[in-house]
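Number of protein chains: 2
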Amino acid sequence: MRMADRIETAVSNAIYKGQGGMAPARLAASLDYAVNPGGARIRPTILMSVAMACGEDKPELTDAAASALEVIHCASLVHDDLPCFDDADVRRGKPSLHKAFSEPLAVLAGDSLIVMGFQILTKAAVHDPERAVALIDILSNRTGMPNGICAGQGWESETEIDLSAYHQSKTGALFIAATQMGAAAAGQEAEPWEELGSRIGEAFQVADDLRDALCDEQMLGKPAGQDDLHGRPNAVATYGVRGAVARFDDILAGAIASIPACPGEAALAQMVRAYADKLVPADARESLSVPGE
Amino acid sequence: MRMADRIETAVSNAIYKGQGGMAPARLAASLDYAVNPGGARIRPTILMSVAMACGEDKPELTDAAASALEVIHCASLVHDDLPCFDDADVRRGKPSLHKAFSEPLAVLAGDSLIVMGFQILTKAAVHDPERAVALIDILSNRTGMPNGICAGQGWESETEIDLSAYHQSKTGALFIAATQMGAAAAGQEAEPWEELGSRIGEAFQVADDLRDALCDEQMLGKPAGQDDLHGRPNAVATYGVRGAVARFDDILAGAIASIPACPGEAALAQMVRAYADKLVPADARESLSVPGE
Chain A
1 MRMADRIETA
11 VSNAIYKGQG
21 GMAPARLAAS
31 LDYAVNPGGA
41 RIRPTILMSV
51 AMACGEDKPE
61 LTDAAASALE
71 VIHCASLVHD
81 DLPCFDDADV
91 RRGKPSLHKA
101 FSEPLAVLAG
111 DSLIVMGFQI
121 LTKAAVHDPE
131 RAVALIDILS
141 NRTGMPNGIC
151 AGQGWESETE
161 IDLSAYHQSK
171 TGALFIAATQ
181 MGAAAAGQEA
191 EPWEELGSRI
201 GEAFQVADDL
211 RDALCDEQML
221 GKPAGQDDLH
231 GRPNAVATYG
241 VRGAVARFDD
251 ILAGAIASIP
261 ACPGEAALAQ
271 MVRAYADKLV
281 PADARESLSV
291 PGE
Chain B
1001 MRMADRIETA
1011 VSNAIYKGQG
1021 GMAPARLAAS
1031 LDYAVNPGGA
1041 RIRPTILMSV
1051 AMACGEDKPE
1061 LTDAAASALE
1071 VIHCASLVHD
1081 DLPCFDDADV
1091 RRGKPSLHKA
1101 FSEPLAVLAG
1111 DSLIVMGFQI
1121 LTKAAVHDPE
1131 RAVALIDILS
1141 NRTGMPNGIC
1151 AGQGWESETE
1161 IDLSAYHQSK
1171 TGALFIAATQ
1181 MGAAAAGQEA
1191 EPWEELGSRI
1201 GEAFQVADDL
1211 RDALCDEQML
1221 GKPAGQDDLH
1231 GRPNAVATYG
1241 VRGAVARFDD
1251 ILAGAIASIP
1261 ACPGEAALAQ
1271 MVRAYADKLV
1281 PADARESLSV
1291 PGE
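From first to last, the protein sequence lines are chains A and B.
In case it helps, my numbering puts the first sequence at residues 1 to 293.
In case it helps, my numbering puts the second sequence at residues 1001 to 1293.
If we strip away everything but chain A, and leave its shape as in the complex, we get:
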């Protein structure tokens, strides 16, 4: 099965289980709405790529880890879109969940999807309890406090922001979860994979800042110019467009250099490069980084 199909199947199976039994119908429907159709599924793709590079031997664990990570990511999007945060009307080119359903259902869908991440991994313990515990450990730490995406979002309620902690937890956390969970699903040590996740997260953040500054709503599938609007720190404001592009290239090189030795090292480096080109096309990077253009 192609990787993208594996991810969709795993996510759909998880949502289907969450809708079973005597579930209230609208909340059940909202879970599906929150995760389907998906975005680029970047985090589970990275996770699966790392697991395969590590010599994946228990694909059920990889599938569980990939879908657990993705539903937690979707939960964070649903809560981030709420009126008290970004107040976003649009997400992935369709009405945000609280617009399509209601605010109570958006809060509950987010809560349910957070829990679902752990339900998925717990069910996978039947294949390997030790690895499942490692996966739950990574995912919970990169989701909650003090180092996860909750902490990252929490920084936006502070009067003084620790920028490094903010970016590391807001964007980096789930990319670190992706690389570390990929390794853990394949039975490898997770720790050496933190740097790759962290650097991919940084690259993603810079690319997001570039897109937010340069693209319009139709291209993004969500409102543009949100960083400026909310006065959020971003790389374009700090370094300018050209500086941000140069920074993106630096981070990319560092990411590839950080890949731990493993059977699929070369293929993984190739994947990271392809992913970077998708984020910010190489020709756009070249034209933007030439002085005077």
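Watch out, some of these pointers could steer you wrong.
[Claimed, not checked] Once the Cα atoms are required to be at most 30 Å apart in a straight line, the calculated DSSO-like pairs of lysine-lysine come out as:
hint, chain 1, residue 1, chain 2, residue 2
1, B, Lys1017, A, Lys99
2, A, Lys17, A, Lys94
3, A, Lys17, B, Lys1123
4, A, Lys123, B, Lys1058
5, B, Lys1123, B, Lys1017
6, B, Lys1123, A, Lys123
7, A, Lys58, B, Lys1099
8, A, Lys123, B, Lys1099
Just so you know, these hints were derived from the structure itself, not from any lab.
Being a predicted model, the structure only gives us computed values, none of them experimental.
Please build the complex by placing chain B on the supplied structure of chain A, with the hints as guidance.
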């Protein structure tokens, strides 16, 4: 250590860990605000009582289970109080979290506490991975969809409510988690303990309906008459005050009869009776159940 002290210590340790490192200060403070000072800590007390009745042999696991359950319960209170749900200004006699901090921090504190429940149990895997997985399995299923408290709250967004599923998930779920996690923490089968949890949950629901109908805000530490105000189904509206009291007594008898055979069976029955008396004092029950009074 007294049971109440064990619970407070375990909960405080968990919150302290969630506040560590580079955590944003206001979100860190809101976690503490959400769980301290606590309410009656009924769910962890039941959990610990069951673990002891089962011949508790790994108290670290019981402590972890008790605090994990309590932080998830506190998370549910914080989210239930949000403007889009109960819009409650007061909780446990002080401003609700979104009033004291902000709505974004209330959403994030709830999210973080949900995750914290699983972080606590994952850390406890070092004492016994198999039991930790069993505990995470129970807690996640009784928190999320389709059978947990998220589902319970989700029923309030339906036009037609399945009353039995609503009560079972909204109130029953965490009491079932309490009895089952108590057994699992002590290395016993969880399944036979479902009925006790379910019946305690029913008793609690009827008692809550009675208090909501009969008490004022000062006695409750939160606004009274909320069920009527929100048109929520409740036992007093269905059976009348006397009928609800009779139902409470029936459920209590059923709960005690359902206790599985275990070393501490008698003490546990005694605890359930004492707990019932705290919920609805026996003399009040007697006077209310006499026809014509």
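Output the numbers, in ascending order, of every earlier hint that fails for this structure.
-> Hints 1, 7 and 8 are the ones this structure does not satisfy, whereas the remaining hints hold.
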